[in-house]
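Asker: The lines below spell out each chain.
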Amino acid sequence: MKSTLRHLTGHPVTRRLGEAVLTLLGVSVLTFLLLRVLPGDQITASYGIDAGDLTGSQLAQLRAYYGLDKPLAEQFLSWLGGVFTGNLGYSSNAGQSVADMTAHALPVTLELAVLAIVLALVIGIPGGLIAASRPGALRDGVAQSASLLVLSAPVFLTGTVLAGVLADSFGWNPNGETFAPLTEDLPLNLQQMLLPALVLGVSIASPIMQTTRTAILDIRSEDFIRTARAKGVPERALHVRHVLRNALIPIVTMSGLQFGFLLGGAVVVEQIFSLPGIGRQVLLGMGQKEYSVVQSTVLVIAVMFVLVNLLTDLVYRMVDPRVWSR
Amino acid sequence: MLRRHRRTLRCLIAAGTAATALATATACSGTASSRGANGPLVFGISADATQLLPWTATAVQSQQVLGQVYSSLLDLDSELVPVDGLAELPAVSKDGLSYTFTLKSGVTFTDGSALDSTDVKYSIDKILSPGTKAVARTSLSAVQRVTAPDARHVVIKLRAPDASLLTALTGVNTAILPSGTSLDRLKSKPVGSGPYAFENRTPNQSITLVRNADYFRGKPGLGSLEFRVIQDDASMVSALRSGTVDMAIFDNSVTAKSAKSADVTVHTVDQLDYHALQLRADSSTFRNKDVRLAVQCAIDREQVVKTAALGQGDVAGPITSPAYASDPAARPCPARDLNAAKKHLADAGKPKGFTFTAIVPQGLYSSAANEAQNIQAQLADAGITMKIETLDSSAYVDRWLAGTFDAAIALNGAGADPATTYTRYFTSGGNFNKVAGYHSASLDKLFTEGIATTDPAARKAVYQKISRELEDQAAWIWLYTGRSYIAANTRVNGFQPIADADLQSLWETKVA
Chain V
1 MKSTLRHLTG HPVTRRLGEA VLTLLGVSVL TFLLLRVLPG DQITASYGID AGDLTGSQLA
61 QLRAYYGLDK PLAEQFLSWL GGVFTGNLGY SSNAGQSVAD MTAHALPVTL ELAVLAIVLA
121 LVIGIPGGLI AASRPGALRD GVAQSASLLV LSAPVFLTGT VLAGVLADSF GWNPNGETFA
181 PLTEDLPLNL QQMLLPALVL GVSIASPIMQ TTRTAILDIR SEDFIRTARA KGVPERALHV
241 RHVLRNALIP IVTMSGLQFG FLLGGAVVVE QIFSLPGIGR QVLLGMGQKE YSVVQSTVLV
301 IAVMFVLVNL LTDLVYRMVD PRVWSR
Chain D
1 MLRRHRRTLR CLIAAGTAAT ALATATACSG TASSRGANGP LVFGISADAT QLLPWTATAV
61 QSQQVLGQVY SSLLDLDSEL VPVDGLAELP AVSKDGLSYT FTLKSGVTFT DGSALDSTDV
121 KYSIDKILSP GTKAVARTSL SAVQRVTAPD ARHVVIKLRA PDASLLTALT GVNTAILPSG
181 TSLDRLKSKP VGSGPYAFEN RTPNQSITLV RNADYFRGKP GLGSLEFRVI QDDASMVSAL
241 RSGTVDMAIF DNSVTAKSAK SADVTVHTVD QLDYHALQLR ADSSTFRNKD VRLAVQCAID
301 REQVVKTAAL GQGDVAGPIT SPAYASDPAA RPCPARDLNA AKKHLADAGK PKGFTFTAIV
361 PQGLYSSAAN EAQNIQAQLA DAGITMKIET LDSSAYVDRW LAGTFDAAIA LNGAGADPAT
421 TYTRYFTSGG NFNKVAGYHS ASLDKLFTEG IATTDPAARK AVYQKISREL EDQAAWIWLY
481 TGRSYIAANT RVNGFQPIAD ADLQSLWETK VA
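Top to bottom, those sequences are chains V and D.
With our numbering, the residue at position 137 of the first sequence is 137, and numbering never jumps.
With our numbering, the residue at position 153 of the second sequence is 153, and numbering never jumps.
Among the clues, some could well be false.
Pair ranges (Cβ atoms, derived) [said to hold, decoys possible]:
#1 434/D x 68/V: 50 to 60 angstroms
#2 217/V x 265/D: 52 to 62 angstroms
#3 218/D x 114/V: 21 to 31 angstroms
Sample of chain V residues with no beta-carbon within 10 angstroms of chain D, all distances over it, derived [stated by the list, open to error]:
#4 32
#5 106
#6 229
Calculated directly from the structure, the hints in this document are not laboratory data.
Keep in mind that this is a model prediction, so the values were computed, not measured.
Cβ coordinates follow ideal geometry from the N, Cα and C atoms, glycine included.
Kindly generate the complete structure, drawing on both the sequences and the hints.
Answerer: Okay, here's the thing in structure tokens:
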């Protein structure tokens, strides 16, 4: 029995799951405390300066309504208990449960993240391969300069300029329309996703390109490549089976990290292009000091991040079987 | 190397081309929605209208939306004078304590039920009930009781004469709600008697209203009206210029200017809201009147307007209501006078100047930081050091309400009646006196007199005295009133821009 338990707790999967639960708990506690440390609450956020006209008993009623009169520990445990029973809280401003809000916002962010990461891979990996094909040559210089330029241009600037120019020059501004969900109006939805995905995709393509270039160059100089070449492995097989495959690990790591950040909501891009995604949901919750909206949405984001990390680990193991043995 | 990875590259490039082709194809197919002459007119708003109960609506966006859904007993005309609304102007008893309102006949709510005196009595009683937490409760505090002798008449009895009552009965905060519908239901689905009926709301995205064909003033100009939430100013400008949004309001002249095009016209309107440097006279820093006057004399208000508002504003005194406006030239140091500032400092026993901190809001309005920096530079010339403490909007409101600051850069709301604007700040029992930090027996007396005086000329004289005391004491440093900018597509017609960017003529507006 003891040995089975030891085996289970020592198993990499169990260990990773344990770490994930601890991470989520840590994120929840930290979010909860940070929100309470910030000045202001939902009453002042809702009433503004007119909160000064409320009487003491009115304020007390409102504090009780929002659950702000309870001790901090009770507030946290009450929220956590709700999460375990599927109740993520209620937004009085949206007039919806946080679960419903998230059910609408998450697909938007997921769609944007998938489109952006696909674009980033489509641009970044070939770019890296081209740059690594002749280090120091013109193509390498052009690719690296383009990458640096993209890294230096913040997305709020490229997004705003791109949207402004297209609206001015062609009168084309699909993001000025009410957002169309993927399942309801595919053509309009794709138009509304095009610019934000492009802006995000290009900005993420840059680190992916750099990572690809460095990884390819590193692997090419490894002893085992020289050995394989000396053994007469054909060049094509050498590069596909040995160089590219081994270079995939840092590329997968970088892509996984970027995808995780995208799932956390590209707040600025969602804001500029009026996309009702999960990043905007957190931002609005913060502005309106709706604690349950922020806490629950941040928890959902953290879950997504943890899942993507687990998935990345899984892909490692597929790419490099040696990882299984660690 | 490149040649050897050709297959991989080919796949990736093919995927990229396919994605681009799909995106281009959808882009070229044009946007899905189309708008005809009957609407919808799309009105861009910078934040969602989250407060759908008019009595507790404090956010501008909520008031803009609800102003199209609800009606009040009275309205304001373009000169901000009370005029007929759901009722005609009332008959007032000789003692000024009884107001009899006659409701217009045949008025209905958008759910089809008749609007009568029962609804008016119910609404005012509810506004006065502390449990409702209505914003206008303080403005109606003189009301003793409301009676409904018959279906078309309502009598409001006052404890004491209140010359601001008629103004207090205008606007969405005193809207008339149906007595037969629960407030909880109205919080999610408003039912009013305004020009448009509430259709649906997608939180943080849009609110759609449809024409109320039975509106008591006539047929509204649009079949439907959509308020669309676009939070980013640059995105709002793009939406206006591309024609996906028809109208929007800006408070920043640069943003408004960038929205102008062959298809977009921008109307400039004056605001009643005033920008001020609030000094808390009961703080240890500003307890001495000469210290406050030194700050007053060291500031060139024209320079603040030119730098912070890019010249788009007018130097103003405390009272900005058109009928009672203060004369900015009547204050001590109407122009900057550094010698006078230094003399006041010497009189206060601080010839080398002093240091104080001003809280400055971030995100509440666009010119706050610029005002703070300009004032900081000007005061430095007089040896006064102003430290700037920038706070996010919620933190700022929290500190402001608690009165835990020496000075604050502020943009405060002002109404058509000076009593509602200032009584709560500068009377000893006012809810915001802790924020204002100044009161006096003479001001208490003058404010009481101002409320009780119904003769317009006599009332104006009272408020001039109030204005004079506030300026002479440098209770605050009043700076200027700014402008609002209403951008509208040229296909929009019939909209009359008026002071404070009020949308009262939106119901008559049509789209070509």
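Asker: Against this structure, judge whether each hint is valid.
Answerer: The hints, checked one at a time:
1. 434/D x 68/V: 50 to 60 angstroms: violated, 21 angstroms
2. 217/V x 265/D: 52 to 62 angstroms: This hint holds: roughly 58 angstroms between Cβ atoms.
3. 218/D x 114/V: 21 to 31 angstroms: violated, 51 angstroms
4. 32: Answer for residue 32/V: holds, closest chain D Cβ roughly 17 angstroms.
5. 106: holds, 15 angstroms
6. 229: The assertion about residue 229/V holds, with a minimum of 13 angstroms to chain D.
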